[in-house]
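Enquirer: Chain residues, written in single-letter form:
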Amino acid sequence: MSGPVETAVEFAGIPLRNPVLTASGTFGYGSEFGPFLDLRRIGGFVGKSLTLEPRFGNPPPRIAESPAGMLNAISIENIGVDAFLEEKLPALPEGVVVIASCFGTDPDDYARLAARLSDSPRVSGVEINASCPHVKSGGIEFGQDPELLKDLVRRVREHVSGPLIVKLSPNVTRIAPMAEVCQEAGADGITLINAIQSMEVDVETRRPVLANVLGGLSGPAIRPIALRMVWQASRAVDIPICGVGGIASAEDAVKFLLCGATAIQVGTINYVNPMAAGEIADGILAYAQRHGFSRVADLTGALELDRAPVS
Amino acid sequence: MSGPVETAVEFAGIPLRNPVLTASGTFGYGSEFGPFLDLRRIGGFVGKSLTLEPRFGNPPPRIAESPAGMLNAISIENIGVDAFLEEKLPALPEGVVVIASCFGTDPDDYARLAARLSDSPRVSGVEINASCPHVKSGGIEFGQDPELLKDLVRRVREHVSGPLIVKLSPNVTRIAPMAEVCQEAGADGITLINAIQSMEVDVETRRPVLANVLGGLSGPAIRPIALRMVWQASRAVDIPICGVGGIASAEDAVKFLLCGATAIQVGTINYVNPMAAGEIADGILAYAQRHGFSRVADLTGALELDRAPVS
Amino acid sequence: MTESPPVNGLPIRTLAEVVENRAEGGGGFCLTLSVPGWPGALPGQFVMISAGACAAVERWDPLLPRPMAVYRGHRPAEAGGTTEVQILFKATGAGTRLLAETAPGQRVRMVGPLGVGFPPPGPDQRVCLVGGGTGTASLYEWALQCARTQPVSVLLGARRAQELVGLADFEALGVDLRCATEDGSRGTLGRVTALLEPLLAEAEPGELSLYVCGPTPMMRACSQMAVRSGVRCIVSLENNMACGFGVCLGCAVPMTEGGFSLVCRAGPIYDARDVDWAGLP
Amino acid sequence: MTESPPVNGLPIRTLAEVVENRAEGGGGFCLTLSVPGWPGALPGQFVMISAGACAAVERWDPLLPRPMAVYRGHRPAEAGGTTEVQILFKATGAGTRLLAETAPGQRVRMVGPLGVGFPPPGPDQRVCLVGGGTGTASLYEWALQCARTQPVSVLLGARRAQELVGLADFEALGVDLRCATEDGSRGTLGRVTALLEPLLAEAEPGELSLYVCGPTPMMRACSQMAVRSGVRCIVSLENNMACGFGVCLGCAVPMTEGGFSLVCRAGPIYDARDVDWAGLP
Ligand SMILES: Cc1cc2nc3c(=O)[nH]c(=O)nc-3n(C[C@H](O)[C@H](O)[C@H](O)COP(=O)(O)OP(=O)(O)OC[C@H]3O[C@@H](n4cnc5c(N)ncnc54)[C@H](O)[C@@H]3O)c2cc1C
Ligand SMILES: Cc1cc2nc3c(=O)[nH]c(=O)nc-3n(C[C@H](O)[C@H](O)[C@H](O)COP(=O)(O)OP(=O)(O)OC[C@H]3O[C@@H](n4cnc5c(N)ncnc54)[C@H](O)[C@@H]3O)c2cc1C
Ligand SMILES: Cc1cc2nc3c(=O)[nH]c(=O)nc-3n(C[C@H](O)[C@H](O)[C@H](O)COP(=O)(O)O)c2cc1C
Ligand SMILES: Cc1cc2nc3c(=O)[nH]c(=O)nc-3n(C[C@H](O)[C@H](O)[C@H](O)COP(=O)(O)O)c2cc1C
Ligand code: FES
Ligand code: FES
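Residue numbers (this note's numbering), protein chains in the order written: chain A, 1 to 311; chain B, 312 to 622; chain C, 623 to 903; chain D, 904 to 1184.
Only chain A is shown next, with the shape it has when bound in the complex (with noise of 0.2 Å):
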């Protein structure tokens, strides 16, 4: 087939120019990028993890590397909202689709938030970081607890008449009951996974990495963990998917596209080469060109199953 492509996707109510997104906390506020990458080539960005107030994070070391991976424990160092939305946001060029990426200790300042973010006509949609490993407290907990997070989404969703997504824990046994509690409190997307709570010691100094012990683990190494929770969960929801973890090719992209995704973030490896997200849009296009689809939207969900899957 050698007809035109149409990339374009719609995820949790958002028209997208492609689904490829990077993830929060991987590609700062937008503008950090414009040496390498024109941002209307993408589907958008998340925005880093932002809270009421700018906020510090971790002392250093913050970073460390394992096998295909990195672990961080950076802990939600941000502008403030503030800032975001009157210094970031009015910098990026037009056509952009921004996601604001919100924080907060309890469901208060996570509906306060996600409302000012949703209230910006710059802003696309607003998601839900239910899923920081390395913050004391807030965050993973409600990742973690299914009636916490059914009760942090239904009170953010009282606030948020936008797009609304949840961007799910993978520190949890099973996966599919985190997002049906979120289609059921009325969440219009999920995305998942976050990155993996680990940890990394320095045997000359017999010390933890990280400053702050834990740290979450992302990059290729954690590829096949996202990929399999986010079959599972787009097998026991109908709101639309974004897939994360260890996305560092346009195959494997469409991977999570076969099983499940509507679209995808990268994440770990803008660093490694910050021109990933345009080549991975790029290598989708192609992808679906030469395997005869019309619309890249229709390679969501199209794995094909030989056998009863076991789950």
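Errors might be hidden in some of the hints.
What the hints assert, rightly or not - Pair ranges (Cβ atoms, derived):
# : chain 1 : residue 1 : chain 2 : residue 2 : range
1 : C       : Asp798    : B       : Glu562    : 52 to 62 Å
2 : B       : Glu321    : C       : Arg770    : 56 to 66 Å
3 : D       : Asp1027   : C       : Ala725    : 53 to 63 Å
4 : B       : Asp609    : D       : Gly1093   : 32 to 42 Å
5 : D       : Gly1093   : A       : Glu204    : 43 to 53 Å
6 : D       : Ala1064   : A       : Asp82     : 35 to 45 Å
As the list claims (entries may be wrong) - If you want the footprint, here are the derived chain C segments under chain B, 3+ residues with CB under 8 Å:
# : segment
7 : 681-692
8 : 870-877
Claimed, not checked - One-sided excerpt, in silico: chain B residues whose CB lies under 8 Å from chain A:
#  : residue
9  : Gln600
10 : Gly603
11 : Arg606
What the hints contain is simulated information worked out from the structure, not anything from laboratory work. Quick caveat, the model's predicted, so the values are computed rather than measured. A virtual CB, placed ideally from N, CA and C, is assigned to each residue, including glycine.
Fit chains B, C and D with the ligands to the supplied structure of chain A, relying on the hints for placement.
Expert: Chains B, C and D with the ligands only, in chain A's frame:
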């Protein structure tokens, strides 16, 4: 320090020449490594998980590769407890420490199996595989539900007087409570982690790579996750812990010891380098020597923390 | 399952030094390794090779070694010495593309020889070897050995002439050699099965032993043709493997009689009738 | 925080070809890269380099690129052309050992120039550059530039003579050059701080600008000495980095005034007084 270093450790009541064991399912029934490794150079080995009856595994493909990792969906293919006791055990050289792994679909299976194995004078301990990530029933269910797990361990404990080890699943929200119920139910030690439930897709055929769809991720990719769980479990219980997951070098092994493991298991790396376990045992000794430890056992839990850790 | 003479040496694990890595055209490479203490191999045995794992830095991506037939050089090393062992491969995936990049002087990690060798033909049988793509690599030493005692035909197939791996070596054997290429650039236009057909048609059952190695669909087809003709057909399977020595259980192949067989240990050589071809991926 | 002249070109991301990779002794290497479209760099800026990532196979172990100072070659490329950029490094960990293995003709992935350049000294000030180990690499272009307008002293320290990286290049500058080695194999026996002491003792406050790059303990010590002498001290920090362009927040350094600064963007150049040395790992 240049004096001799004592390498012996005791794990779950089993005296070991050194803390290096090999992981179930990665070392066959021991004899396969004859050409590569004198089994008396290492602490001992854990055999492939056994069932009461011989058992075929999943159809192929059963393995796939991922960045710094592999996926498997073998599904407890094994020769059965009888053949193990009658054919495999007697063929092993004297002085090799054998830990037998057992798997069942209900607590009765486990109890009968564990009792038969434990009765053999050639079996130094029994490891309960409560965590196989790709068997339709049994295994992982026990490993994911603290009540089921507690009941399982208690039932087996009633039938087994010798060393009883429980191998935990990493596919849980929190590992500490799982470790705690094992201790309460009378386990002598805990092994963690088993492979992490994962998935891989072939974008050319648009099918899951594994016939079973889901498989377990192992290898260096998962090491930071395993290390974190070992650290968390070791802080939750007093019974000794055996660390496993992605260990590829003596330095990796030392990280697990520092985080609280009494012994470690070498898994996937046995495939890549069938002499790895021996080299790791030598390397741990060299590390202890270089760092002035007179006993390898003193490495256990020797991690220094600067600050109050975040758990 | 097939019988075979006992392995003449226990497998070793060693670092082998690259002596030469020759691009053969069509993406194929002939890698010559200097292997210390090589115990020798039977025709049909293989080795597990990790490329790039033992450079200055241990890198775990890609993680697993790759099974590769011993193409030439099955003689054991003299005491304390080394033997040159050759591998023929095509750079397709991560492992083989890395192998293609290794240069003389570099070392690759290697375990072998592994698996069983080919079972001998009957004393009066003609022998026909059928190789497809890199599967041909498994057959060279066997062709050499068989040619000493009986008439041998070698049928080689590939997509195009350049991809007929090891062709020059087979030509030098002086056996009956026929080629088929899918683009007709060498020999018959079409598949190697087209060469096999007349050979089987002519053969009396029991007069011929067939040895086949290549892509699964090709082996499946040859096997069916042989069964129809009542000719004994031996195949060398090329499953994915993690360990190569019988401990991961990853290489299992379904058997006609039910259950699975480990290709790395009971195989890679099988009587085609023993293999449940429908269950192969 | 330090002021610095504006960056004279936006960073690029490119594949740079290895022109030469010269072992310098003591584990040091001087890598010459041919960089297409190089926008030029200010003395003190750095690049992120991934070795081995862009061979035939993408390998994700090790995953992250490594920050490396631009040692020599900050001139921008002619339109459509390339510039040779040199990097000095020591093969210690996974990334640098891989870099040590790269051969001419191979390509490495590179992002840069990144960070800010050194702030200029006062017009009448003497300049003293203190380099420890590979930290010396950050200082060469700055020494060259300062030497055009003011008196420059360069103090280099290392464990042994062989590890005095770039020594020949600094000698060729014709500036006042003094060395200290911990084994006494070249220059003064001891640390580079022993060379700095008399220099600071002689200096009137305001007469001297100090620029330091090396291991954290050495920079900490120099900084304390400078503060005591009332001499302005500029340091170039060498934190671990994941991205190098301000998005991962991994390179944060605690500031005296509270909070953190991103070494890759606000740095790597800081006034030593602004850095909370106690909070550095
Ligand atoms: C006994 C035997 C002898 C052989 N002899 C030769 C020979 O002489 N010459 C030769 O060229 N080849 C030979 N092969 C085949 C050879 O081993 C494979 O072609 C080789 O593994 C391909 O490796 P690669 O790195 O190029 O490809 P890759 O695609 O990187 O890999 C194959 C590896 O990746 C995994 N894998 C395969 N497909 C997928 C997928 N779709 N998704 C995820 N993971 C996947 C498998 O676990 C396998 O380890 C032999 C095989 C066997 C079993
Ligand atoms: C601005 C700047 C300029 C620099 N210029 C130079 C230069 O010109 N020449 C030079 O030789 N060096 C320079 N460095 C230092 C250089 O970047 C490091 O020496 C280099 O990262 C070491 O890499 P490696 O791969 O050899 O070591 P490794 O030990 O493999 O690695 C360092 C990497 O691993 C991680 N890491 C570090 N320590 C640990 C640990 N204990 N446990 C787990 N992970 C760890 C970090 O995330 C880092 O990415 C510079 C650094 C900076 C910030
Ligand atoms: C340094 C770093 C910082 C991150 N910060 C955030 C964050 O602020 N909010 C969030 O939701 N996720 C954050 N993440 C998680 C990523 O968005 C992503 O979910 C995760 O890294 C997995 O994807 P990857 O493997 O492609 O990186 C961060 C990840 C990294 C590596
Ligand atoms: C092919 C394969 C088969 C395995 N089979 C078993 C098994 O039978 N019983 C068990 O308890 N664990 C089994 N495991 C899990 C390992 O024992 C180990 O817990 C896991 O692989 C993590 O360690 P590693 O990363 O070092 O491999 C298997 C792992 C692999 C890769
Ligand atoms: S490849 Fe591991 S058992 Fe055959
Ligand atoms: S290295 Fe990523 S922000 Fe500085």
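Enquirer: Indicate, hint by hint, whether the structure satisfies it.
Expert: Hint check:
1. The supplied range of 52 to 62 Å is met by C:Asp798 and B:Glu562, whose beta-carbon atoms lie about 57 Å from each other.
2. Between B:Glu321 and C:Arg770 the Cβ separation comes to about 60 Å, which falls inside the hinted range of 56 to 66 Å.
3. About 56 Å separates the C-beta atoms of D:Asp1027 and C:Ala725, a value consistent with the hinted range of 53 to 63 Å.
4. The hinted range of 32 to 42 Å is satisfied by B:Asp609 and D:Gly1093, whose Cβ atoms lie roughly 36 Å apart.
5. Our hint of 43 to 53 Å for D:Gly1093 and A:Glu204 is violated, since their Cβ atoms are close to 24 Å apart.
6. One distance hint, 35 to 45 Å for the beta-carbon pair D:Ala1064 and A:Asp82, is violated here, with the actual separation near 56 Å.
7. Closer than 8 Å: that is the beta-carbon criterion, and the segment 681-692 of chain C has 6 residues meeting it against chain B, so the requirement of 3 holds.
8. For a cut-off of 8 Å, the count of residues in the segment 870-877 of chain C with a CB near a CB of chain B stands at 7, and the three-residue condition holds.
9. The interface hint given for B:Gln600 is violated, since its Cβ lies 14 Å from the closest Cβ of chain A, which is over the 8 Å cut-off.
10. At a threshold of 8 Å, the smallest CB-CB gap from B:Gly603 to chain A is about 11 Å, leaving the interface hint violated.
11. Taking 8 Å as the C-beta cut-off, the interface hint given for B:Arg606 is violated, the closest approach to chain A being about 15 Å.
When the structure is compared with the earlier hints, violations turn up for hints 5, 6, 9, 10 and 11 and for no others.
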